[in-house]
Amino acid sequence: MSSQKKKNLTATQQKYQAFAKAREPQRPVFLNSIRAFFVGGTICVFGQGLQWMYMTYFNFDEVTAGNPTVATLIIISVLLTGFGMYDHLAQWAGAGSAVPVTGFANSVASAAIEHRSEGYVLGVGGNMFKLAGSVIAYGVFSAFVVALIKIIVKG
Amino acid sequence: MEKFIWAFIIGGGICVIGQILMDVFKLTPAHTMCTLVVTGAILGGLGLYEPLVKFAGAGATVPISSFGNSLVKGALAEAEKNGIIGVLTGIFEVTSAGISAAIIFGFIASLVFKPKG
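Chains A and B are the protein sequences, given in the same order.
The opening position of the first sequence corresponds to residue 1 in the numbering used here, with each subsequent residue numbered one higher.
The opening position of the second sequence corresponds to residue 156 in the numbering used here, with each subsequent residue numbered one higher.
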C-alpha cells in the first residue's frame, strides 16, 4: 500500500492493515515460479513442435508458420476452456498458463462462455474482451508510440 | 532439436517473469499481461525481440510479449511501404490471425459450451 493511501486511514484502520498483513499467507514464490517455468516451457515446446510440423509437412516457412501455430494453440486452448480443464491448469500453473497466447484465448473464451446467460449481444459480445481488451488496448497504444518514435528517429 | 530446448528455457523464463510480477509485485494477471505486452513492444522497437525469436523460436513467439512485438513489426513494415498512415493500417497485420482466431473460436465456444462451476 502506498504511503499516500496510508495517510488517509484512521488509526484503527492502520492497525487493521498491519494485523491483516501479518496473517496474510506467504506466497510460495519459488515453487510457483518452478511450476510456471515448467508449464510455460512445455506450452512453448508444444508450439515449437507445431511450428516444426507446419514447416515440414505444410510448406510454411519460418515466418509464415507462426500464424497457423498460434491459431492451433488458440483452438486447443478454447476447447480446454470449454471443457473446464484450462481453469484447473491455471490454478496450478499460475503465470505459466496465463502468459502464453493460450492464456489470452482462455480469457476470451471463458468470458464469452460465462456471460452467455446475459444474452448473445450484450453478454457474449460485450464481455468477450473484458480481460483481453486491456491487453489489446495497451499493446496497440504502446506499439503506436514505439513505431512513431522509431519513424521520427530514423527520419 | 536444440531449438526445442531453447524454446522451453526462454518460454519458461518469460512465464517466470510473469509469475514474479504477480507474486512479488502483487500485480493482477491483467496487469501482468499488459506489462509484458508493453515490454514486448518496446523490445520490438529497439530491435531486440527479433534476435530472441530467431534464437528461441516458439519460446519467444508463444508468450504474450510477442503480441507487442508483432504489433510494432506490422506497423513499421506498412509504414515503410505507405508512409506514416501505414502505422494505422499495419498495426494488426501480423497479429490478425491470433485475434481473429480468439474471437471466432471464443464465440463458437460460447454457443457450444455451458458455464461450469
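I should point out that these hints are in silico values taken from the structure, not numbers from a laboratory.
This structure is a prediction, so every number in the text was calculated from the model and none was measured.
Hints may contain errors.
Stated by the list, open to error - Using 25 Å as the maximum straight-line C-alpha spacing, the simulated DSS-like pairs for lysine-lysine come out as follows:
(1) B:LYS269 x A:LYS130
(2) A:LYS21 x B:LYS181
(3) A:LYS154 x B:LYS236
(4) B:LYS181 x A:LYS15
(5) B:LYS158 x B:LYS209
(6) A:LYS150 x B:LYS158
(7) A:LYS130 x B:LYS181
Stated by the list, open to error - To give an idea of the chain A side of the interface with chain B (calculated C-beta under 10 Å), a few residues:
(8) GLN17
(9) ALA18
(10) ALA22
(11) PHE38
(12) ALA111
(13) TYR138
Built from N, CA and C at the ideal position, the CB exists for glycine as well.
Hint check:
Of the pairs offered as hints, the one joining LYS269 of chain B and LYS130 of chain A holds, with about 19 Å between alpha carbons and a cut-off of 25 Å not exceeded. About 13 Å separates the Cα atoms of LYS21 of chain A and LYS181 of chain B, which keeps this hinted pair within 25 Å; it holds. Distance hint between LYS154 of chain A and LYS236 of chain B is fulfilled; the C-alpha atoms sit about 15 Å from each other, no more than 25 Å. Between LYS181 of chain B and LYS15 of chain A, the direct Cα distance comes to roughly 21 Å. Compliance with the 25 Å bound is thereby established for this hinted pair.
Restraint check for LYS158 of chain B and LYS209 of chain B: the C-alpha separation of about 9 Å stays at or below 25 Å, so the hint holds. Distance hint between LYS150 of chain A and LYS158 of chain B is unfulfilled; the C-alpha atoms sit about 30 Å from each other, more than 25 Å. Of the pairs offered as hints, the one joining LYS130 of chain A and LYS181 of chain B holds, with about 20 Å between alpha carbons and a cut-off of 25 Å not exceeded. Because the closest C-beta pair between GLN17 of chain A and chain B is about 14 Å apart, greater than 10 Å, the hint is violated.
Proximity of ALA18 of chain A to chain B is violated relative to the hint, the smallest CB-CB distance being about 17 Å (cut-off 10 Å). Annotation: interface hint on ALA22 of chain A violated; nearest CB of chain B at approximately 16 Å, more than 10 Å. Taken as an interface hint, PHE38 of chain A checks out: its beta carbon lies about 7 Å from the nearest beta carbon of chain B, inside 10 Å. This hint holds: ALA111 of chain A has a C-beta 8 Å from the nearest C-beta of chain B, less than the 10 Å allowed.
The beta carbon of TYR138 of chain A comes within 4 Å of a beta carbon in chain B, closer than 10 Å, and the hint placing it at the interface holds.
Comparing the model with each earlier hint shows violations of hints 6, 8, 9 and 10; every other hint is respected.
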